[in-house]
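Visitor: Protein chains in written order, with this note's numbering: chain A, 158 to 305; chain B, 85 to 201.
Treat the hints with caution; some may be incorrect.
[Unchecked claim] Sample of chain A residues at the chain B side, in silico, Cβ under 8 Å:
1) Tyr-185
2) Asp-230
3) Glu-231
4) Lys-235
5) Tyr-239
6) Asn-240
7) Arg-245
8) Lys-246
[Claimed, not checked] So these bits of chain A aren't anywhere near chain B, every CB distance computed over 12 Å:
9) Glu-159
10) Ala-160
11) Leu-172
12) Val-197
13) Tyr-198
14) Leu-202
15) Leu-209
16) Ala-217
17) Val-218
18) His-229
19) Val-293
20) Ala-295
21) Ala-296
22) Leu-302
[Claimed, not checked] Label-pair ranges, simulated between beta-carbon atoms:
23) Ile-114/B with Phe-190/A: 36 to 46 Å
24) Thr-251/A with Glu-140/B: 51 to 61 Å
25) Met-278/A with Phe-195/B: 55 to 65 Å
26) Gly-255/A with Arg-183/B: 37 to 47 Å
27) Ile-219/A with Leu-187/B: 36 to 46 Å
28) Arg-139/B with Thr-251/A: 46 to 56 Å
29) Met-278/A with Leu-112/B: 31 to 41 Å
30) Ser-167/A with Leu-108/B: 49 to 59 Å
Read the hints as simulated data drawn from the structure, not as lab findings.
A virtual CB, placed ideally from N, CA and C, is assigned to each residue, including glycine.
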Amino acid sequence: MEAYKKTIESRIRLLSAALLLMVSAVVYLRFFFTIPDMNVYHEILTEVAGGLLTAGNLIAVILVFHYRRALHDEYHLKKLYYNSQDERKKMIRTKTGGPVMLICAILIFIGGLIGGFFNIMIFYCLLGCSFFLITVQAAMKLYYLKKF
Amino acid sequence: MNTCSSIHSILPDSYFTVNYFISLQSSLDIFCKASYTKIAKQTLQRSDFLKTKIRELRKQQKLSQEELAMAIGTTRQTITSIECGKYTASLVLAYKIARYFNLSIEEVFDFSEVEDM
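Isolated chain B, as found in the complex:
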C-alpha cells in the first residue's frame, strides 16, 4: 500500500500517464512498421546477391542443411545464408557445392542477373 501511494505521488496524473503510454506505443508501432517495410523493400530490390538452386537440390536428395554443410566443410548457418541470398559464396565454396551435387557452378548458381549488369 505504501509503495502504491509512493508511486502515485511520483507519477503525474494517471489519465495523463495512460495517454502518454498509448501515444508512445502507437509511435513505436509506426516506427517499427516503417523499418520493417524498408527492410523488406531492400531485400526485394537487392540484386547484388546470387540466387541459387541449393534448396531445391537439397530437397531432391533429402539432405538437411547440416548434412550438406558437413559434407562440403562449412557451417549450417553459411548454407542458410547462401540459400536465402544473404551471402555470396566464394568460388571455392561454390565449386565444392556444385561438385557435391555433380553439377557445374552455373547449374547451381543463377548468374543471369550478373550477366545483365
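Here chain A stands alone, though its shape is the one from the complex:
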C-alpha cells in the first residue's frame, strides 16, 4: 500500500501543477487574449475554451480533495486501491477502449477549438466527432456494466 500512497502523492503533485496551468490559462484568456480582426465566432471559441478550462479546474480540485482524503484515511485509500485494481472494472475498461478514447475525444476537441479560429465549420465538425466518441464510450460502458 506504501507504493500506492506514493502514486497518489505524485498524482496530487501533477494535478496541482495542471491546476496552476489551467488557472493561468483562464486568466490569460479572460483578460489578455486578443487576436487581430476578432469576430463573434472567435469570441465564442474563447468563451468555450475558458468554460472548459474552468470545468477542468473544478474536476482537478475535486480530485485533489479526493486523493488527500484517501491519504489521511486508510479505509478510503484501500477502497481507492481496490477500485483501481478490481479485475471486473479492468475488464470493462479494456472492453470500452479505456482512457484512450477519452483522451482522443479531448484532443479532437482541442484541435477543433484551434481549427475553429480559421474556420468555424472545423470546430462544429470536430465537436460532433468528440461528442460521438464520448457517447459511444458511455453507451458501451453502460452496456458492459449491465452485462457483467
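Let chain A serve as the given structure and place chain B on it in line with the hints.
Guide: For chain B alone, kept in the frame of chain A given last:
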C-alpha cells in the same frame, strides 16, 4: 392563452393526437414486454457462468458484500456480479474468496455444469 392556441394550431386534430399517443404507448409497452421476456429467458438459459455459494456463506457469517469485498481486495459490485452469476471470477479471486471462508474452490463454486460440457 396565446401559447395554448398556438399549440392547437400546430398540432393536428386533438382526437387524432390522443389516439396517436395511445397507440404509440401500447406499441412501446409491447416492445418493452418482449425485450424483458427475451432478457429473462437468456438469463435463465445462460450456463456459461458459474453458480456460487458465496451468498449463503456470507449470510452464515453475517457478512455484508462490502465487508467481504474489502477483506479479499475487490469491490462490492464485483461480489454482487459473482453472486448473481453475471461475472465469472478469475482463478486468483476465486482462490481468495475460498481461502477467506476456509474452504476449497470447489466448495464455493459449483462446477457441475462445467463438468457436463
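Visitor: Against each hint, give a clear statement of whether it holds in the structure.
Guide: Checked hints:
1. Tyr-185: violated, 41 Å
2. Asp-230: violated, 13 Å
3. Glu-231: The hint is violated - Glu-231/A has no Cβ within 8 Å of chain B, the shortest such distance being about 11 Å.
4. Lys-235: holds, 7 Å
5. Tyr-239: holds, 5 Å
6. Asn-240: Nearest chain B Cβ about 6 Å off; hint holds.
7. Arg-245: holds, 4 Å
8. Lys-246: For Lys-246/A, the interface hint holds, since the closest Cβ of chain B sits about 7 Å away, which is under 8 Å.
9. Glu-159: Non-interface label stands for Glu-159/A: nearest chain B Cβ at 16 Å, farther than 12 Å.
10. Ala-160: holds, 15 Å
11. Leu-172: Non-interface label stands for Leu-172/A: nearest chain B Cβ at 23 Å, farther than 12 Å.
12. Val-197: Answer for Val-197/A: holds, closest chain B Cβ roughly 31 Å.
13. Tyr-198: Given a closest Cβ separation of 33 Å, the condition holds.
14. Leu-202: holds, 35 Å
15. Leu-209: For Leu-209/A, whose nearest Cβ neighbour in chain B is about 31 Å away, the distance exceeds 12 Å, so it holds.
16. Ala-217: holds, 25 Å
17. Val-218: For Val-218/A, whose nearest Cβ neighbour in chain B is about 25 Å away, the distance exceeds 12 Å, so it holds.
18. His-229: About 18 Å separates His-229/A from the closest Cβ of chain B, which puts it past 12 Å; holds.
19. Val-293: holds, 21 Å
20. Ala-295: Correct as stated: the minimum Cβ-Cβ distance to chain B is 18 Å, above 12 Å.
21. Ala-296: The assertion about Ala-296/A holds, with a minimum of 16 Å to chain B.
22. Leu-302: Contrary to the label, Leu-302/A does not stay out of reach of chain B, its closest Cβ about 8 Å off (not over 12 Å).
23. Ile-114/B with Phe-190/A: 36 to 46 Å: violated, 56 Å
24. Thr-251/A with Glu-140/B: 51 to 61 Å: violated, 32 Å
25. Met-278/A with Phe-195/B: 55 to 65 Å: holds, 60 Å
26. Gly-255/A with Arg-183/B: 37 to 47 Å: violated, 31 Å
27. Ile-219/A with Leu-187/B: 36 to 46 Å: holds, 42 Å
28. Arg-139/B with Thr-251/A: 46 to 56 Å: violated, 28 Å
29. Met-278/A with Leu-112/B: 31 to 41 Å: holds, 38 Å
30. Ser-167/A with Leu-108/B: 49 to 59 Å: holds, 55 Å
Hint compliance for this structure: hints 1, 2, 3, 22, 23, 24, 26 and 28 are broken, all remaining hints hold.
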